[in-house]
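Top line first, the protein sequences correspond to chains Z and H.
So the first sequence is residues 199 to 455, counted in the numbering used here.
So the second sequence is residues 0 to 304, counted in the numbering used here.
Just to be clear, a hint being listed does not mean it is correct.
Ranges between beta-carbon positions, derived for each pair [unchecked claim]:
| # | chain 1 | residue 1 | chain 2 | residue 2 | range |
| --- | --- | --- | --- | --- | --- |
| 1 | H | Leu16 | Z | Lys422 | 18 to 24 Å |
| 2 | Z | Gln238 | H | Pro157 | 20 to 26 Å |
| 3 | Z | Val323 | H | Phe46 | 38 to 44 Å |
| 4 | H | Trp112 | Z | Trp237 | 41 to 47 Å |
| 5 | Z | Met379 | H | Phe12 | 33 to 39 Å |
| 6 | Z | Leu435 | H | Trp112 | 53 to 59 Å |
| 7 | Z | Ser241 | H | Trp85 | 42 to 48 Å |
| 8 | H | Ala288 | Z | Gly409 | 47 to 53 Å |
Keep in mind the hints are simulated off the structure, nothing from the lab.
C-beta atoms are modelled at their ideal positions from N, C-alpha and C, and glycine is treated no differently.
So the chains spell out like this:
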Amino acid sequence: MKRSRFPILLTAAVMAFFYLPILLLVANSFNPARFSSRWQGFSLVWYARLFESPEVWQALKNTLLIAVSVTAVSVVLGTAAAFALHRYGSSRLQRLHFTLIFQPLVVPEILMGISLLMFFVAAGVPLGLFTIFLAHVTFCVSYVAMTVLGRLQDFDFSVVEAARDLGASPWQSTRRVLLPMLMPGIVAGALLAFTLSVDDFVITFFVAGPGSTTLPLRIYSMIKFGAPPMINALSTLLLAVTLTAVLVSQRLLRLKR
Amino acid sequence: MGSNLLFSKKSRFDPILAKRRKAEWLVSLPTLVWLGLFVVVPTFLVFVIAFRPSNPYGGIGAGWTLDTIRALATPSYLAIAWRTLWISLLTTVICLLLAVPAGYTIARAPAKWRNRLLLLVIVPFWTSFLVRVFAWKSLLHPEGMVKGALEALGLVGPETTLLYNPAAVVLVMVYTFLPFTILPVYAAAEKFDFRLVEAARDLGAGPFQSFRRVFLPGIRRAIQTAFLVVFIPSLGSYIIPDLVGGPGSEMLGNKIAQRVFTDRNLPHASALSAVLVLALLAPLVAVLALQRKNKKSDIIMGEAP
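Chain Z with its partners taken away, still in its complex shape (with noise of 0.2 Å):
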């Protein structure tokens, strides 16, 4: 029987869309010229030039020890929450826990931002990294218990109750079994947890003070005051990051299967 062969061309013309802008953008962090139409050959000078700013290297601080922060709250709040919505998921309590964590899937990012931002303003929280860490946590957390709740979700408890029944106490059989077989579930949110928070930029926008600039906050601030060729490096180094996450964690998540 004959196929139509328009879908398959059209999903290579989706995936050269998907493609073709981040390809230019990382090939042009490489080009010297100042504009894009013109390839003058190889060359790291933007790159030099990057590592000259010291107000990159403290955006870069920043950004690092959020995200290391955050990502070490949430995956620890989000696995006991995975935890609780699997193994008690009927109850009502887990209905409205589970719309909970849902939530910041689904709001857009914006009504987030200004949420909390009246929340902080409010409660009278001076804005600055530790309300970044509020928010980020915030999100990451329902990220995290996705994923690891996808993992739980092909678990034999079974395994966990044949070892209480040879004596292991209730937290025995949690660290040494739950934990260890959860542990691909848990790496893979925490990269994502990772990820989402260096990533961050319209929330962290709307919840940042003075002196808590981030790596994203940076590049918008370099997109709306130009410095173009400076931008196309730190974007670069911004998804080389992001990437190595990404393998990593599907990696993980492939080996359950």
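Got chain Z sorted already, so can you dock chain H onto it with the hints?
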């Protein structure tokens, strides 16, 4: 019947159940408290602050007022609300038109190719949103490659600007939201029984007819989900119109940001955000109602939901 009475729910205290309840609360409490504090309370605050006056220091004044709500009914806001709506709808429709054939192709591809293609769809989801928007900004820039290519082909003159108009906003929005649309369509297409399409073809339907009359109704729920995952964030777009749109393509999100960062008028920003929340609820409730209705008819038709 006596034993039934003994174990019925009326026997008030069941130590095993109580222990289970306690454990459930213990593991759920941290996220319940965190999300209650940082999601529920702030959302509620947005609606409250919309009724408070602003103060000259960029904060929230004392007392209550309806002035902010009244100020929303001006023609300039209505124009922006209308633009937000049509840009979002157009983006959603284009995304669906591209996602359905793409999701179909990926689902029908040989297993080896399927995983690779799927990874290619997922990767943009992980790459920085801001970087992707910037990539387009530099492509559409007067000195950028797209402009250069179109000029070389004689399609546009040297004075045409590709940036700072609603078309650029729609293009970049489609670019950023398309992966979210392909994934649910693919997930449904992968479970779809393609023998139904073959049967339709055997019975004389053309390729397009069998696609439209058999495949599309089969993945109806995924299309509704895809609609929501594009339309809702589209309505709240802010960076895309901010970076590639001009003053003539501002959306509701830009106005909210302006009220916060330029005017320092938080009550006004709250009132606009409250409007946005209400605007999001409409399509959400509509699709949920539709899916509930479909579920019923699926059961009547003997299909598993």
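Structure-based check of all given hints:
{"no.": "1", "hint": "H:Leu16 / Z:Lys422: 18 to 24 Å", "result": "violated (58 Å)"}
{"no.": "2", "hint": "Z:Gln238 / H:Pro157: 20 to 26 Å", "result": "holds (22 Å)"}
{"no.": "3", "hint": "Z:Val323 / H:Phe46: 38 to 44 Å", "result": "violated (20 Å)"}
{"no.": "4", "hint": "H:Trp112 / Z:Trp237: 41 to 47 Å", "result": "violated (33 Å)"}
{"no.": "5", "hint": "Z:Met379 / H:Phe12: 33 to 39 Å", "result": "holds (35 Å)"}
{"no.": "6", "hint": "Z:Leu435 / H:Trp112: 53 to 59 Å", "result": "violated (31 Å)"}
{"no.": "7", "hint": "Z:Ser241 / H:Trp85: 42 to 48 Å", "result": "holds (44 Å)"}
{"no.": "8", "hint": "H:Ala288 / Z:Gly409: 47 to 53 Å", "result": "holds (48 Å)"}
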